[in-house]
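Asks: Each chain, letter by letter, is given below.
2 protein chains.
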Amino acid sequence: MRKRSLTAALALTLAGGAAHADEGMWMPSQLPQLAAQLKAAGFQGDPAALADVTADPLAAVISLGGCTASFVSPQGLIVTNHHCAMGAIQLNSTPEKNLIKDGFNAATMADEVSAGPAARAWVTVGFTPITERILAGARGKTGRAYFDAVEAAKKAAVAECERDAGHRCSVADMYYGSEFYLIKQLELKDIRLVYAPPEAIGNYGDEIDNFMWPRHSGDFAFYRAYVGKDGKPAAYAPDNVPYVPPAVLPVSTAPVKAGDFAMVAGYPGVTFRLRTASEFATQVDWLLPARVEMLDGLIRTIEAATAGSDEKRVRYASTVASLKNNLKRAQGELDGLRRSDAVRVRRADEEAMLAWLARQPGNKPAQAGIRALQAQLDAQDATRARDFILPFLRPGLLGAAVQLQRLALERTKPDAQRESGYQQRDEALIEGGLKQLQKRFDPEVEKATLRYALKRYFALPAAQRVPEFDAVFGTSEAEAAQRLDALYAGTRLGDESVRLAALHQDAAQLAASDDTLLRAAATLQPALLRLEDQAKQRAGELLRLRPAYMRTLIAYRKTQGRAVYPDANSTLRVSYGKVSPLSPRDGIDYRPLTTVAGIVEKHTGQAPFDAPKPLRDAIAKGDFGSTADPELKTQTVDFMTNLDTTGGNSGSPVLDAQGRLIGLNFDSNWEAVSASWMYDPRYKRAIHVDMRYLRWILAKVYPAPRLLREMQLPAE
Amino acid sequence: MRKRSLTAALALTLAGGAAHADEGMWMPSQLPQLAAQLKAAGFQGDPAALADVTADPLAAVISLGGCTASFVSPQGLIVTNHHCAMGAIQLNSTPEKNLIKDGFNAATMADEVSAGPAARAWVTVGFTPITERILAGARGKTGRAYFDAVEAAKKAAVAECERDAGHRCSVADMYYGSEFYLIKQLELKDIRLVYAPPEAIGNYGDEIDNFMWPRHSGDFAFYRAYVGKDGKPAAYAPDNVPYVPPAVLPVSTAPVKAGDFAMVAGYPGVTFRLRTASEFATQVDWLLPARVEMLDGLIRTIEAATAGSDEKRVRYASTVASLKNNLKRAQGELDGLRRSDAVRVRRADEEAMLAWLARQPGNKPAQAGIRALQAQLDAQDATRARDFILPFLRPGLLGAAVQLQRLALERTKPDAQRESGYQQRDEALIEGGLKQLQKRFDPEVEKATLRYALKRYFALPAAQRVPEFDAVFGTSEAEAAQRLDALYAGTRLGDESVRLAALHQDAAQLAASDDTLLRAAATLQPALLRLEDQAKQRAGELLRLRPAYMRTLIAYRKTQGRAVYPDANSTLRVSYGKVSPLSPRDGIDYRPLTTVAGIVEKHTGQAPFDAPKPLRDAIAKGDFGSTADPELKTQTVDFMTNLDTTGGNSGSPVLDAQGRLIGLNFDSNWEAVSASWMYDPRYKRAIHVDMRYLRWILAKVYPAPRLLREMQLPAE
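These protein sequence lines map, in sequence, to chains P and S. So in the working numbering, spot 230 of the first sequence is number 230, and the numbers just go up one at a time. So in the working numbering, spot 152 of the second sequence is number 152, and the numbers just go up one at a time.
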């Protein structure tokens, strides 16, 4: 009975009625219209103040590129996750002075060290709607032409915006081609590492605890942004001065407990929640099962092919680890979407929307648009098996041959017109990959993976087969096995020096080569270019056709009293909700706060559970001062909320009802892997380091009194 | 702070002050003196009525040998665990009629099938103290003589008791040689299988869920005991009649919830809680770490030696599985005892006891006795490394050679005087083992395990080395490698027919053999016999010396207002406590009751999570009738208590405050593996199938209305 009533409640929540109160990655500009809901949820600030991303408080929330961070002092002090600062920590580590292992604690500003020439922090200074400008030139076009017109308009807008030196600009697409915004960001280039706990605190539990709760990571670190003496962004220079941010988040000194209001601001990467019911069905009923089967089979194939040879096992260890990680995620997403009955729920929602649309006057254009979108999606589905399998047919060395050919081809164009990934700035990366291959490749293993993937390719209906692939691999498993033997017997690309020499040959030279793999790559190349063009045509059609669906959905939600947030796209978003326990499975309750007792329980002395002695001693001493939890009578470590987050939200500030910083987001729970497609209020949780733990570490474990003073926090 | 206060509370609980209310495997005769505590815990019955194991209600609690069961109808209906009835279920299964997979449900008494000629149920009919009779002949003796005198007195008492046909008798040793009881049991021999759910209900989750919570097993089955028409025990005969038991447990129809009083009666196998502080230290600081290291090394050795050969891997699969299971248990016990700080707590307790003893008048004999016991334990510790390693030096084929030699030796004695395990009744088992070896042995792998174990043997101090072992294996790793090659090259015992032929040879024939392994076994045999005698001498000394320690402990506990229960020894015991949640780790709470929602969550369609369709359909239908939980509004499955149980308690009835049957014990939680040494109230839980789930299965899933009527339970 419990199960049924939950499903019913969920269907109500997701498919109709009022939106779940805690779902939503809102654009800041939407928050004023959510004022009543925010107030009902417990927010005590002014929702209108949240609308302007260039003013207090959201101006304090910045992007590090893939991570979020926030300013916590008027001297440009930045707090983010330890794992977001890992690059800077590694860069400054030496065998003698291992900042990863020992942490880092700059005694003075002069001791703060550069996070490296590539480190950046972006402060949003403009967020302007430019939909008309982007779409004007695309109207009337279709397919690839529509795609190219939008791309050209975006590039032009960005180029114009970036004429203002010291800024980076981008165009954000909201609601899949419906609205476009020009985002202008101040690009800070002198970023310095200020403080990082030892890895055994910042990443306690590492991969074993990844996605898990209960969690005990002190996943935080401090940076500081510096600018030139003129206050403008500048590359690292010893006499640069601290940047004065447009806003600063106050760090809370109040306790956190279950049910408390919480809000997160950050740059979530990508979600798919506004995709159509048919896309949900493809994902759950076809793509994820296919991915699980393929990855599982590849892992078994590689394990069988490397068994009995330690050398081969080592060569493929990182490939297998990565495949396993992807398999785990795919399986987790599949399990989660099935558990949430996502396909049925989304379909019921879409059907209700279409039924509503059918009752509206003047609905013909919208209905036609949605039918056209569906036809386009159906067309894509028709070749999904082929589109899924082809990337697995160019692994390792064969992939390198294809890449070398393509690079030579792209080099014949002006740099700006080259395909992304093959521009001058990418060449060093390509060279690195070609070198790395030497340690990660074995011809027999690669042939085994190809035989495995080709078995699936040969099972495709004839209409989906690609002539050039047939030409290279043959049309049966037996034929393929012979061809592969010949391909790998006749290539010299297994030799690093041969690969690197080929990197500097032009298209004509490569075409003239008698190397078997390079010749195979030359045969495949036209097919790959043709399919790439096809993909861009499809992308153009989807960009053109989705807005009809989006407009209908937004209008339909309005009748339900619900606003619609755009799918995540790495732009600044705000989610609000509360500190929440979780019942992940029948019989189990996860408390929303963890304590230092869990650090001791997990401690084995071996990484990743090797809590440093100063931490263990401080826990044993039990001197938690002002950072102790008044109810639990001990030091908390991490906490959990039902906030709506995804990858890219790492380091995001978590704020309380008064807008004070209470935590740093750093992970989601395993049960929420499927949240990129569907927010299920029963299972979606976000995991944060408690700012009280951060304060305690700074006060009692690896003391940094100067930072506490700078943040106007108690010394202990 | 939380950790420290818990430890302090635990130390208080375990080392002094009042006993934890829910600890204790009490002899029924002790319960009247615990009347106040029982009442305070919520028991509403008469504690005095619990003292007589031959009267209602405890006379309803019977032993199946390794499992406990209870009578639930005046027609001899017995309820126990599914896993306790597995032998009978297998025995009656055929490829056409698979009772394991499909379950069994006898429509009438005539359809009930024999559990097999070896099946037994034992009803306790006498429990008489005979300490004086057992110890009279031992007084004044020491060592082996003391041991032999006690054994002789026990055998005589048993023989005399068993002159009453249809009974089995045994002598139970309570408090390690302090008190002896003659236990007389009616031996029922016609046991029939009445009802068993499909394995996918009875053993849902199997090894994966073993020791785990939350749990969703319907681990129950019904037997019926039959006797001859004269009412006396008789072997299976179609016209036997149902046995009329001396007592019957009423099945509860009331709900169960957290905090409810609960009581379990059963035959727990073995615990070590009254061992000395030095024995705790040896277990935690030496034996368990040594076992973990040895088992882990053996697993790695076998895995390395079988890598690359599927045939060898298959031969050693069950050995490796068993080693891994033992390793897991040893590691779990070690982790648990360390988590509970068992050595320190037990030592503090013992020190307080000795300090108390030092203040008592006339304490000299007790002090001297305890010193002598400690000296004996110290002497054992002196050779513990040798005693630990030697059993690993006779694996597989070499072990078989030793066993064959020993059997020939024992055969020269009258059967009754042969060593246990080598009597006539054991020979079929030995032959079976010799045959089975054919599929579980490979000479190269066996040599590898011997080389691994010998490495540790050679590291022993010279004084602990055994000359006969040195003679066989040499004195260095290099020498051992050569000797092993020769030993396994020169033996024909790898041939099954040769082994079986040797089984029928006498000692002289075996001694004359030129088989290298038989000659090695002949060399080792005198050492093994010498060490066996030494072990019996030690056992005799411990039997003689432990009572001084026990008497002191019991007297000391009396000053604390606490009774002492004897360590478990497969005799009937009672534990009382309550339905309890568990916080196994920081941040996690386990609810004390699970529901059918968890069955659906775990269902994958693949064993062991392949819930049968009728069960899934019934859950989806949600028709739970009178068995639904009034608070949870759904069907419960299993529940958890803090009752004090160990191996042997499987199938034990769990009773409520009125003595009604509310559950069947079937497992403990993983965190309680260490409870055989120490009951830690924070972690010790017992896992039971909820009788409401049993009733629901019988009412709605695989209906057995006749059994519900027989137990006077509602039809739905």
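Careful: at least some of the hints might be erroneous.
Have a look at the derived ranges for each label pair, beta carbon to beta carbon [what the hints assert, rightly or not]:
# : chain 1 : residue 1 : chain 2 : residue 2 : range
1 : P       : R616      : S       : M212      : 27 to 37 angstroms
2 : S       : D111      : P       : E207      : 47 to 57 angstroms
3 : S       : A304      : P       : A258      : 47 to 57 angstroms
4 : P       : D470      : S       : G87       : 38 to 48 angstroms
5 : S       : L91       : P       : R300      : 33 to 43 angstroms
Derived lysine-lysine pairs resembling BS3-like cross-links, with alpha carbons at most 27 angstroms apart [what the hints assert, rightly or not]:
#  : chain 1 : residue 1 : chain 2 : residue 2
6  : P       : K536      : P       : K558
7  : P       : K328      : S       : K324
8  : S       : K602      : P       : K324
9  : P       : K558      : P       : K39
10 : P       : K312      : S       : K536
11 : S       : K328      : P       : K602
12 : S       : K435      : S       : K312
13 : S       : K324      : P       : K602
14 : P       : K413      : P       : K141
15 : P       : K324      : S       : K324
16 : S       : K328      : P       : K328
17 : P       : K328      : S       : K602
Computed from the model, here is a short list of chain P residues facing chain S with C-beta under 10 angstroms [said to hold, decoys possible]:
#  : residue
18 : D296
19 : L437
20 : A597
21 : I599
22 : E601
23 : M640
24 : R660
Hints listed in this document are in silico derivations from the structure and should not be mistaken for laboratory results. C-beta atoms are modelled at their ideal positions from N, C-alpha and C, and glycine is treated no differently.
Asks: Each of the hints needs a verdict: does it hold here or not?
Replies: Results of checking the hints against the structure:
{"no.": "1", "hint": "R616(P) <-> M212(S): 27 to 37 angstroms", "verdict": "holds (29 angstroms)"}
{"no.": "2", "hint": "D111(S) <-> E207(P): 47 to 57 angstroms", "verdict": "holds (55 angstroms)"}
{"no.": "3", "hint": "A304(S) <-> A258(P): 47 to 57 angstroms", "verdict": "holds (50 angstroms)"}
{"no.": "4", "hint": "D470(P) <-> G87(S): 38 to 48 angstroms", "verdict": "violated (59 angstroms)"}
{"no.": "5", "hint": "L91(S) <-> R300(P): 33 to 43 angstroms", "verdict": "holds (38 angstroms)"}
{"no.": "6", "hint": "K536(P) <-> K558(P)", "verdict": "violated (33 angstroms)"}
{"no.": "7", "hint": "K328(P) <-> K324(S)", "verdict": "holds (25 angstroms)"}
{"no.": "8", "hint": "K602(S) <-> K324(P)", "verdict": "holds (22 angstroms)"}
{"no.": "9", "hint": "K558(P) <-> K39(P)", "verdict": "holds (20 angstroms)"}
{"no.": "10", "hint": "K312(P) <-> K536(S)", "verdict": "violated (54 angstroms)"}
{"no.": "11", "hint": "K328(S) <-> K602(P)", "verdict": "holds (17 angstroms)"}
{"no.": "12", "hint": "K435(S) <-> K312(S)", "verdict": "holds (17 angstroms)"}
{"no.": "13", "hint": "K324(S) <-> K602(P)", "verdict": "holds (22 angstroms)"}
{"no.": "14", "hint": "K413(P) <-> K141(P)", "verdict": "holds (26 angstroms)"}
{"no.": "15", "hint": "K324(P) <-> K324(S)", "verdict": "holds (24 angstroms)"}
{"no.": "16", "hint": "K328(S) <-> K328(P)", "verdict": "holds (25 angstroms)"}
{"no.": "17", "hint": "K328(P) <-> K602(S)", "verdict": "holds (17 angstroms)"}
{"no.": "18", "hint": "D296", "verdict": "violated (14 angstroms)"}
{"no.": "19", "hint": "L437", "verdict": "violated (27 angstroms)"}
{"no.": "20", "hint": "A597", "verdict": "holds (5 angstroms)"}
{"no.": "21", "hint": "I599", "verdict": "holds (8 angstroms)"}
{"no.": "22", "hint": "E601", "verdict": "holds (6 angstroms)"}
{"no.": "23", "hint": "M640", "verdict": "holds (9 angstroms)"}
{"no.": "24", "hint": "R660", "verdict": "violated (24 angstroms)"}
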